[in-house]
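Protein chains: 2
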Amino acid sequence: MGRLTGGDPSLLRRINSAVVLHALRAAAPPAAPTLTDLTKATGLSRPTVEGVVEGLMEAGLVVEAPAEEGEARRQGRPARRFRFRVEAGHLMGIEIGPHRIAALMADLGGRVTGSASLEVPETASADERLGCVRVAVADLLERSGVPRSRLRAVGVASPGIVEADGTVRLGTALPGWTGLPLGERLQRSFRCPVLVENDANAAVVAEHWKGVATGSDDVVFVLAGLSPGAGSLIGGRLHRGYGGAAGEIGALHLLGREATPEEVLSTTGEPLHPLDEAQVAQVFALAREGDERAAEAVGRFIRRLVHDVAALVLALDPELVVVGGWAAGLDGVLEPLRAELARYCLRPPKVALSLLGEAAVATGALRLALDHVEEQLFAVDSPH
Amino acid sequence: MGRLTGGDPSLLRRINSAVVLHALRAAAPPAAPTLTDLTKATGLSRPTVEGVVEGLMEAGLVVEAPAEEGEARRQGRPARRFRFRVEAGHLMGIEIGPHRIAALMADLGGRVTGSASLEVPETASADERLGCVRVAVADLLERSGVPRSRLRAVGVASPGIVEADGTVRLGTALPGWTGLPLGERLQRSFRCPVLVENDANAAVVAEHWKGVATGSDDVVFVLAGLSPGAGSLIGGRLHRGYGGAAGEIGALHLLGREATPEEVLSTTGEPLHPLDEAQVAQVFALAREGDERAAEAVGRFIRRLVHDVAALVLALDPELVVVGGWAAGLDGVLEPLRAELARYCLRPPKVALSLLGEAAVATGALRLALDHVEEQLFAVDSPH
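Heads up: the protein sequence lines correspond to chains S and D, in order.
Residue 3 is where the first sequence starts when you use the numbering used here, and the numbers rise one by one after that.
Residue 3 is where the second sequence starts when you use the numbering used here, and the numbers rise one by one after that.
Heads up, a few of these hints could be off.
Chain copies aren't distinguished; within one or between two, either way the pair holds.
Each computed SDA-like pair below joins lysine to any residue, with the alpha-carbon atoms no more than 20 Å apart [what the hints assert, rightly or not]:
#	residue 1	residue 2
1	K352	R340
2	K352	D39
3	K212	D129
4	K212	A175
5	K352	Y244
6	K212	Q281
7	K42	R171
8	K42	G53
9	K212	V375
Rather than coming from a laboratory, the hints here were simulated on the basis of the structure.
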């Protein structure tokens, strides 16, 4: 309210541009709207719409669409039609994980047009890991035939608590990650903005965009792992917390002075190696085959996860909890989680497995890049 | 964005009214602004400001202020000055607690002009408790000399999970509270809107308005008690949760199959009576006097509270945690809480005692009533 000052002509122009661009993007292809359609859809005057469309064409964001065939035959001179140029730029979403780099490419409409992935040893140093990122990016750009200069924004997601400036405040899951100025390091490879986000935060954005949570604005995504993390949407918006550490429930069990997850999942008494997912998968597999010690270990692990998730649910009261992360073994978590939540919550949240699976984190990073571009295109609030 | 449709004249009028009203309210008394001042402050044209001010005067919200003395002498005919009429209506904030009804009266500027309170037996039925509310309200109105018809909004806060329509979905702290259509029942006593809220939610709003949290928009208020509850502000807005149950951490200890708080605080092995605050205060007092059993019980209780709060902090990552509720014994909670949070949080939140103390819940209810009135006065988003 403090910013309302009555007729600001440049603000009005930006509002009008945004309104027309929205109407153009909302028009379902292949139906490209005419100026008359846009006038009706926006409530703006015809001269205003004409002026805005000219400006958007000059900016390369809008192009005249070919007339529809039937129409061309019926009339001597069909009305001009326009469409938003989703090909006016490209976006990239990158996941930097303990074992894998994954990258997705998309157009300005958010449609994925290509992908690349690369295995990384879990012991790789930060420099080596960033080197792998550069290789995956170069590979994806080349195979897509997209010049690097056409990228409008790049989203990056990794484990750890990420500061607003893209620095990793704490990231114990990847060697050399704590304190790494990740945004600044990656920025050197791109001329467009690079946005860095925590992996669980990216995943919840992805499931809301294209996954199991499209119907809900109040979602907790639990990235199950030896140190579980969570990302939350509240009213459709990412909740990062004051210091970017919201959902870092991995420390919760420490409060009770309980064993670490690596001890919980052990079948020998010796704790597992923190990042050894293969070893974890083996415990889950043994449990399925009926191995008693493995089944006990998995049971302990599930109880731990259920407790952590329940704490999140009591604090946040979401509509939906999405469980993702490890590809294997998670289906065994759903039923105990539902039962436990039903016991302690008045209106227990729905519980679902991630729909995007391994693609969730990179997809979320892509969505964050798209959000950034859309904010620039459609921002009418205040220029930054 | 979807609502932007270009020139809507009635919307424009409402925006202009809101802008002028804001400028009038922002002017620090006794300096009442002139039309020239308002034109400068709002950026609107003089005729627009004149028209808006006339309309606001007709609505009884604005009145001409007497000319300043010095000015009157200097000039033959001083410029007219205007002020917002904070006395144009009244607000009430009511706390319905286990032992006490408390009510506050305020003007449209949020200045408290009167208060009333009434002891209630903890065993009172819902009807008896609501009867006490009516007595306290009538008493406060009469002593304030304010006719009931001048109330613009009433805020009510009580323990329990409150639905959007003012029904208590669950309220174990007060007899007969679960399922009570509290908003509907109280609405019969008032012609203005009655807004019902959970007590911890009201308390966090109050501390943000006039208490220890005025400098922070990311706050968790912990209403300590045998069954602790919490209210959270995220980005300055109340976070109620999808089902209104956010922060109901009282169930958290059940997950670990631990003892109830009444057992935790017992010094005899027999659990305390759930709502007997006198008994609780006695345990705290004995502990201060050096009684070993009492000290152990208090220690157990504090560890429990610290654990519950830590779970909230890990989930939400607030800037500030405010501890309130019981008048006595809470100062012993601060240091263990700070120490525990420092161990597990990277950037531990600040921890502070409630500044408003016993007045927090009623003050928050009052603020919610004021919010409602301000939304009506200043709303430019969409008419409801």
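Against the structure, the hints come out as follows:
1. K352 / R340: This pair counts as within: shortest intra-copy Cα distance 8 Å, inter-copy 34 Å.
2. K352 / D39: Answer is neither: 41 Å inside a copy and 55 Å across each miss the 20 Å cutoff.
3. K212 / D129: Answer is neither; intra-copy 32 Å and inter-copy 50 Å both fail.
4. K212 / A175: The answer is neither: 27 Å in one copy and 42 Å across copies each exceed 20 Å.
5. K352 / Y244: Between copies, since 11 Å is at most 20 Å while 27 Å is not.
6. K212 / Q281: neither (31 Å within a copy, 54 Å between copies)
7. K42 / R171: Neither: 50 Å inside a chain and 46 Å across chains, both beyond 20 Å.
8. K42 / G53: Intra 16 Å, inter 31 Å, cutoff 20 Å: intra-copy only.
9. K212 / V375: within (18 Å within a copy, 39 Å between copies)
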